[in-house]
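Listed below, chain by chain, are the residues.
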Amino acid sequence: MNRLNQLFQNKKESLLSIYFTAGYPNLSSTLDIAEAVQKAGADFIEIGFPYSDPLADGPVIQNSSLIALQNGMNLKFLFEQLKELRERVSIPVLLMGYVNPVLQYGVKDFCESCAAVGVDGVIVPDLPMVEYEEFYKDDFLNNNISNIFLVTPQTSEERIRKIDELSNAFIYLLSSSSTTGKNLTVSNEADAYFARIKAMNLKNPTMIGFGISDQKSFNKAAEYTRGAIVGSAFVKFLDSDNALERIPEFIKSIRS
Amino acid sequence: MNREFIKSSFKWGVNPKGYFGDFGGAYIPEMLYPNVEHLRQQYLDIIYEPAFQEEFNQLLKDYVGRPSPLFHAERLSAKYGATIYLKREDLNHTGAHKINNTIGQILLAERLGKKRIIAETGAGQHGVATATVCALKGLECIIYMGEVDIERQAPNVARMKMMGAKVVPAISGSKTLKDATNEAMRDWINNPTDTHYIIGSVVGPHPYPDMVARFQSIISEETKKQLFERTGSENPDIVMACVGGGSNAMGMFYHFLDDENVKLIAVEAAGLGVDSGESAATTSLGKEGVLHGSRSLLMQSDDGQVIEPYSISAGLDYPGIGPQHAHLFKQHRAEYVSITDEEAMQAGRLCSELEGIIPAIETAHALAHLEKMKFKGDESVVICLSGRGDKDLDTYMKYFNL
Ligand SMILES: Cc1ncc(COP(=O)(O)O)c(C=O)c1O
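Residue numbers (the working numbering), protein chains in the order written: chain A, 1 to 256; chain B, 1001 to 1402.
Keep in mind the hints are simulated off the structure, nothing from the lab.
Derived list of chain B stretches under chain A, where covered just means 3 residues or more per stretch with a C-beta under 8 Å from a C-beta of chain A: (1) 1021-1034; (2) 1182-1190; (3) 1303-1315.
Nothing here was measured: the structure is a model prediction, and the numbers come from that model.
Using N, Cα and C, we set each Cβ at its ideal position, and we do this for glycine too.
With the hints as extra help, turn the sequences into a complete structure.
Right, here's the structure in full:
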């Protein structure tokens, strides 16, 4: 059991997770933001490690990744930075990024480094499920790192069952098939999709992400799942004046 | 073509898991999975259906103008002391090999019930070939092209627009082919049901590398017949082609792969020189990694960030190569060499002067390697003349002060 499992088991209210990119807006921002996000009441955190070709991301996260890379962020440096993580942050933390930097770092080393600094799970959208199962699952499980899979409205029921089987923390539902940063469209179709997943009675809890930017979209997500993940809207907010001090304000604008 | 032959996994072909040796696979986010998986399940059944084959072959003949000639280039032969043949893909409709693939994929898209076509393009040849088949079939067409390439390949941008395509500039990264590919993939993620993505080379997630190679394999299929008619032997000593993603080379190599006495040479773009920091010579500079959905060789930093490539030739300005090429490289089935901007430009001029054929700058890289080869005098060489140089006149004019 890791921090994620405990959170989902113990907390009954809707959960809010905040995504931001490591090393953005400044190389040293990572832990300051993480600490502030925890203090403002978020339930867990996703820290993005930047990649040069983030093909599932919209303009906001493309830009934060580019700046983070220009600032000198990379996986090695990030794990250095995160050595202080557990002195400053107690809520669950996930890393999110693309597969190529992980492959260069070495998947086993990556899982070990995650465990060493107190990371609880990872989201690597372009790591195929078959590869995970065949080659990497043991590295994740041996280090007690949860691998989080994505599901879209087009994902087949059979595949969702398989994902449920391989998951051990939560399943990440995309509000629609989209790159990050599009607004969630509250539509009958989306409702039908969320309801369909809910009716599947999966063993893992679900969270909705991509396109959550305000109270309305958060509440919609919370109606059907354990909560929501806010990414692009928060990264965009970080660009505003005195963002770090105003993080509580941002969190309240999503979940009051 | 014989379906049984092509469906059986020959030694250098893709395995049932979508790999060529250590390379390939489908490293895609879940958002792309349903489309790619559907394609994977369907592509062989669709493309070897007799009605498909009939329409494909008819279009290649009447619309593209195939078979493309195999031309004995006598003055180049005399200069280099070998028997040099040029496989004239430049004479295809739209001026390059790219249309062999887009004809195949548009017929596939129709059968998959797709209404909207997207594509990336570097030199603009694939964009033009895609816009062409979309016009032919009355399908909506959106082409992603790096801002830098829009500038250096202006005639092709105009051609795409003439045929009703929308050209969208890619403004991220180096603003070239890699970034156009990212944008096309993002478009596909955001349009998961009505859209088919026509990838322009033997790159991308499985089944694209294998599928595109099959469509391009017509190049070597014809070459074998043409050589046999001319010389009584199907096989030359050497087969050579330039490599961006690797589709003309894979088409040119395809039916020679199992004939291991045929030497295969793939020519990459060295840009300003392999060690200059301004290069696109992937096999020299690359390490194993994942880009655009497959595991292959990739120019990247120790941290796994993709390094921006450089070549004077927009079609070769790509930091990776297709997974099948990575396999042929690793297994030493083909030799991978590289040619600088300067060498390519000189070779382009030489071919124009000696043969009256102005090659695309991409193709000129393959021709330039002739300078570096030592011939005993009786070898036969087939070079894939992948495209014509009309689109590059601006660059040639500036380079040579014409
Ligand atoms: C004439 C020509 N040759 C070669 C290429 C390189 O692509 P590939 O390696 O897929 O053949 C291009 C790409 O635009 C091209 O236009």
